[in-house]
Amino acid sequence: MMHAKRRTPGTRRTWPHALFWLAPAIAFAQPDPGSTLETPGSQLAGDPAQPASGADPVLQGDICAALEAIGDGVGIEQARSWLPLAERFRDRRTLKAVLRVARSEHVDAAIQNAAWRTLVNQTGRDDLNENRPALGVWVDEMDRLTDAELAQRIADTHAARAVRFAAEREQAEAELARVYRALYERSSEEQRQELLTQLIASPRTVLQTTGFDLADREALSARPLAPGVIEAAGERLSSDRPAVRMAAARLLTRVDASTVVDRVVTALDAETDPDAAAALLRVLQRQPQARAIPTIMRWLSAPQAPAADSAAAALLAQHQRTPIPEPSRAPIIEALRAMYLTRNTAASVVYPLSLRGSCLPSLCGDERASGPWCAWRRCSSLHSS
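What the sequence shown shows, in my numbering, is residues 1 to 385, in sequence order.
Honestly, the hints are just simulated from the structure, not real lab data.
The structure displayed is predicted, hence computed values, not measured ones.
Just to be clear, a hint being listed does not mean it is correct.
What the hints assert, rightly or not - No more than 25 angstroms apart at the CA atoms, straight line, and that leaves these computed lysine to any residue pairs for SDA-like:
{"no.": "1", "residue 1": "LYS96", "residue 2": "ALA151"}
{"no.": "2", "residue 1": "LYS96", "residue 2": "GLN60"}
{"no.": "3", "residue 1": "LYS96", "residue 2": "MET142"}
{"no.": "4", "residue 1": "LYS96", "residue 2": "ARG153"}
{"no.": "5", "residue 1": "LYS96", "residue 2": "ARG144"}
{"no.": "6", "residue 1": "LYS96", "residue 2": "ARG117"}
{"no.": "7", "residue 1": "LYS96", "residue 2": "ASN131"}
{"no.": "8", "residue 1": "LYS96", "residue 2": "ARG161"}
{"no.": "9", "residue 1": "LYS96", "residue 2": "ALA114"}
{"no.": "10", "residue 1": "LYS96", "residue 2": "LEU150"}
{"no.": "11", "residue 1": "LYS96", "residue 2": "SER81"}
{"no.": "12", "residue 1": "LYS96", "residue 2": "PRO57"}
{"no.": "13", "residue 1": "LYS96", "residue 2": "GLU77"}
{"no.": "14", "residue 1": "LYS96", "residue 2": "ASP127"}
{"no.": "15", "residue 1": "LYS96", "residue 2": "ILE76"}
{"no.": "16", "residue 1": "LYS96", "residue 2": "GLN78"}
{"no.": "17", "residue 1": "LYS96", "residue 2": "GLY136"}
{"no.": "18", "residue 1": "LYS96", "residue 2": "ASP143"}
{"no.": "19", "residue 1": "LYS96", "residue 2": "ALA134"}
{"no.": "20", "residue 1": "LYS96", "residue 2": "GLU130"}
{"no.": "21", "residue 1": "LYS96", "residue 2": "ASP156"}
{"no.": "22", "residue 1": "LYS96", "residue 2": "ALA160"}
{"no.": "23", "residue 1": "LYS96", "residue 2": "GLU68"}
{"no.": "24", "residue 1": "LYS96", "residue 2": "ILE111"}
{"no.": "25", "residue 1": "LYS96", "residue 2": "LEU128"}
{"no.": "26", "residue 1": "LYS96", "residue 2": "THR146"}
{"no.": "27", "residue 1": "LYS96", "residue 2": "ALA66"}
{"no.": "28", "residue 1": "LYS96", "residue 2": "ALA148"}
{"no.": "29", "residue 1": "LYS96", "residue 2": "ALA69"}
{"no.": "30", "residue 1": "LYS96", "residue 2": "VAL58"}
{"no.": "31", "residue 1": "LYS96", "residue 2": "GLN152"}
{"no.": "32", "residue 1": "LYS96", "residue 2": "ARG132"}
{"no.": "33", "residue 1": "LYS96", "residue 2": "VAL139"}
{"no.": "34", "residue 1": "LYS96", "residue 2": "ALA155"}
{"no.": "35", "residue 1": "LYS96", "residue 2": "ASP108"}
{"no.": "36", "residue 1": "LYS96", "residue 2": "GLY124"}
{"no.": "37", "residue 1": "LYS96", "residue 2": "GLN112"}
{"no.": "38", "residue 1": "LYS96", "residue 2": "GLU149"}
{"no.": "39", "residue 1": "LYS96", "residue 2": "HIS158"}
{"no.": "40", "residue 1": "LYS96", "residue 2": "ASP56"}
With the hints as constraints, model all of the structure from the sequences given.
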């Protein structure tokens, strides 16, 4: 038998102990296991979120017949299999059949409890989960309603249940984020890096956001990030949430992203969100990649100012590192000219003027640089007046 090691007073709390007090918050924020329960034949019952009219009427009839036949020693074991399937149906007959099992004296307490849970999931009345007599009365009163009224009543209760669950989930996620931030503050430097990697790699958006916020703090404090943190950020560039992709790219602009630059190029090629694209382009401004020029050109002509400005900066950074061949310059020059002469925004004026000492004249060529620069200067004077 293993005994816990006694902690010396005043020493830092270690990971196993720290995660122990995290467990309740983590468990509370996890998805309901019952929502993904698979039972034999459950696929036949259709989507549990759909009303009975969209489910298999034959299966529905079999379930009701089996539950209605339960008696003294008859069909008791079968009830364990039928009750999970009954959750998929919200019609009057199925509700009454499940309620009959819940009130039956011929089944044990475990089956009764399962029947009450089924009723809660069918009706959406989780607020009556601890008041079973009231739940039974509520189901009995459904006899006064027409089928259409019954369907509407249950739809309303499920909508209210969804609102409650959303509020509870939001509260739980906020608490979970606070707990992880507290754990981060109490951890050693090595443990912090491990925690950042786990947070960013988490499938939960709230934990990813927390991880990026904490990692940004580390990077802005000039503290190096572990390779695992950078790798996890690179993986998040393929997230289906634009805000997560933007957060990952923003972090990569503050570190050496050479190990994940291939993912940056791939992500930019598939990107459709202008804000996320702007962040990715800023990474390529620090880590120029010639193979990304065609994709950068696509964003150079985008109407969104942040993405277009970042695309111009990325192209200039690429040209500064490795001069862009003359045949490839013409479309870039035309795109830059169209970008800054047609956009009526402050960024379209201020940004190019900040590049006076950059390699833009070299990119455009000496004989062609005066035209765009004069136009930008005229635009600047008009804007300032």
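Status of each hint after checking the structure:
no. : hint              : verdict
1   : LYS96 with ALA151 : holds, 14 angstroms
2   : LYS96 with GLN60  : holds, 13 angstroms
3   : LYS96 with MET142 : holds, 10 angstroms
4   : LYS96 with ARG153 : holds, 16 angstroms
5   : LYS96 with ARG144 : holds, 13 angstroms
6   : LYS96 with ARG117 : holds, 14 angstroms
7   : LYS96 with ASN131 : holds, 18 angstroms
8   : LYS96 with ARG161 : holds, 21 angstroms
9   : LYS96 with ALA114 : holds, 15 angstroms
10  : LYS96 with LEU150 : holds, 13 angstroms
11  : LYS96 with SER81  : holds, 18 angstroms
12  : LYS96 with PRO57  : holds, 16 angstroms
13  : LYS96 with GLU77  : holds, 19 angstroms
14  : LYS96 with ASP127 : holds, 19 angstroms
15  : LYS96 with ILE76  : holds, 17 angstroms
16  : LYS96 with GLN78  : holds, 18 angstroms
17  : LYS96 with GLY136 : holds, 9 angstroms
18  : LYS96 with ASP143 : holds, 10 angstroms
19  : LYS96 with ALA134 : holds, 15 angstroms
20  : LYS96 with GLU130 : holds, 19 angstroms
21  : LYS96 with ASP156 : holds, 19 angstroms
22  : LYS96 with ALA160 : holds, 22 angstroms
23  : LYS96 with GLU68  : holds, 9 angstroms
24  : LYS96 with ILE111 : holds, 16 angstroms
25  : LYS96 with LEU128 : holds, 17 angstroms
26  : LYS96 with THR146 : holds, 15 angstroms
27  : LYS96 with ALA66  : holds, 13 angstroms
28  : LYS96 with ALA148 : holds, 17 angstroms
29  : LYS96 with ALA69  : holds, 13 angstroms
30  : LYS96 with VAL58  : holds, 18 angstroms
31  : LYS96 with GLN152 : holds, 17 angstroms
32  : LYS96 with ARG132 : holds, 14 angstroms
33  : LYS96 with VAL139 : holds, 7 angstroms
34  : LYS96 with ALA155 : holds, 18 angstroms
35  : LYS96 with ASP108 : holds, 19 angstroms
36  : LYS96 with GLY124 : holds, 15 angstroms
37  : LYS96 with GLN112 : holds, 14 angstroms
38  : LYS96 with GLU149 : holds, 16 angstroms
39  : LYS96 with HIS158 : holds, 18 angstroms
40  : LYS96 with ASP56  : holds, 18 angstroms
No hint from the list above goes unmet by this structure.
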